[in-house]
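Asks: Guided by the hints, dock chain Z onto chain H, whose structure is given.
Spelled out from the first residue to the last, the chains are:
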Amino acid sequence: MNTTWSRFNIASVVLGFAFLYLPIVLLVIYSFNESRLVTVWAGFSTKWYFALFNNRGLMDAAWVTARVGVLSASIATVLGTLAAIALTRYTRFRGRLLFSGMIYAPLVMPEVITGLSLLLLFVAVNFDRGFWTVTLAHITFSMCFVAVVVQSRLVTFDRSLEEAAMDLGAPPVTTFFKITLPVILPAVISGWMLAFTLSLDDLVIASFTSGPGATTLPMKIYSQVRLGVTPEINAICTILIAIVATGVIIASLINKRREVQRIRDEQAAFRI
Amino acid sequence: MQKLITAIAGRLVIVVPYLWLLLFFLVPFFIVLKISFSEVAMAIPAYQPAFDLSQGLAANFEKLKKLSLDNYQWLLDDALYFKAYVSSLTIAAVSTVLTLLVGYPLAYGMARAPSTLRPTLLMLVILPFWTSFLIRVYAWIGILKPEGLLNQFLMWAHVIDTPLTILNTNTAVFIGIVYSYLPFMVLPIYASLEKMDYSLIEAAQDLGCPSFTAFWKITFPLSIPGVVAGCFLVFIPAVGEFVIPDLLGGSQTLMIGKTLWSEFFSNRDWPVSSAVAVVLLVILIVPIVLFQRAQARAQESGK
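Residue numbers (my numbering), protein chains in the order written: chain H, 3 to 274; chain Z, 187 to 489.
Looking at chain H on its own, in the form it has when it is part of the complex:
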């Protein structure tokens, strides 16, 4: 669509983004508030950030969350990528319908159901609840998101590249690692990041599947939020937002550079 950007369009975009960003911006601003009363501005201060580092429970929870996040995102990325390949490359196999159903259903499944059902599984097989159960639960729901992200990249993938490699004698496994994986790598990386943030974010499933000694950061935040809004929570939320925003922006810059490089390469190839 190339057309005039009407005043109505501009207004709806500006208002829409104001709605999306204002609450987050206010939260960030008030994390630097001197006053303990969250809604009364009493001057700039970073004391709540220092208070965080002395909060032992919060730091432990952050460490648990980071470990669960990295581990579950890495395994989910492998499983999700495999699932995406299975869905796009193998159009016929027994139980494909059930398979694609199990990929798409967790995307919309209410978290309370996923959490409850996984907990009952762990209890049924007598698996001690804690770090590993949360990790397994996170792998399960985030691998589906990875699968969808990678699948959308694979659908537009130019298969003649793979065919060329195989015509030249490369076995399929080598072709995958030398040709397919490098091309879909940006999607795989953003799949990992998505899985990581989903894990970082999850309260409901973690609450069901966690056990003693494995309190995650969202569980900790949630239990404090129930007691009221405090500047400390604002501060920890700001840190989390900053981490995620930095990651996303860096990823999109890398993507953009790759894109520019690719276009340049193509033009160079045509000149020859």
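These aren't lab readings, by the way, just hints derived from the structure by calculation.
Keep in mind the model is a prediction, meaning the values are calculated, not measured.
Heads up, the beta-carbon is just placed ideally off N, CA and C, and yes, glycines get one too.
Hints may contain errors.
Stated by the list, open to error - Chain H stretches covered by chain Z per the calculated footprint, using a threshold of three residues with CB under 8 Å from any CB of chain Z: (1) 8-14; (2) 18-29; (3) 59-68; (4) 85-94; (5) 164-177; (6) 194-203; (7) 222-235.
Replies: Okay, now just chain Z, sitting in the frame of chain H:
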């Protein structure tokens, strides 16, 4: 040898994720189903198993006859559960419509933006989706509470004299759902509007069609796949939402996700919470299947 490796690798690509999902996604549902037929027990696990494979088939057939439907009877008898289901569906439906009303103009505005600006706008819509759901819901508490920023602003602007009560009402739940799920609505609609051929509109306008009619007769019908996908993506998870009604809603806000949570964590009644989950799943199965069909069709046409 090479062929063997290839064949095994090809199998593993399907088998590994398949088994994983069977074990951690499908099997747990059958366990929920099983426990929903069990009797509550004051122990851990907090239920008397309805079936036990170690007792052999015959014993299980005996049990099958006196399968406990008590938990479902309980759900039927207590009006609270029925009200919670109806109210969840109503709240989710109203929020979906509201999200569409907010999201469509935004997606439309983005799709009409200069093409150099569009990637940035797209990233700006996706970015909040990456930040924590819990944090974004939490941010609204400080805004909506009686002495919160919204009331301070409205009183400063002399729009109101006494603070409005928004937090802990259904209004706050609507705001929370619209806010949290907005990217899910905007992205599919934007995707369908962005690839639209704008010369269709020009043709209509050349033939004297007023721009609103052109929008209604051409643009909107072409964006329906995106609207449908967006509505499913908002509606289905919103029905079972827990965090938003718990943090922003009040005591009169009945939502089934909250009911399930308190049934499980406060009352420790595992069989009843399993029955609540089974009924919720049965209610959602139709929209979930419709969503999957739409998703699969979109994937096919994308090829």
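Asks: Which numbered conditions among the earlier hints are violated in the structure presented, ordered from lowest to highest?
Replies: 3
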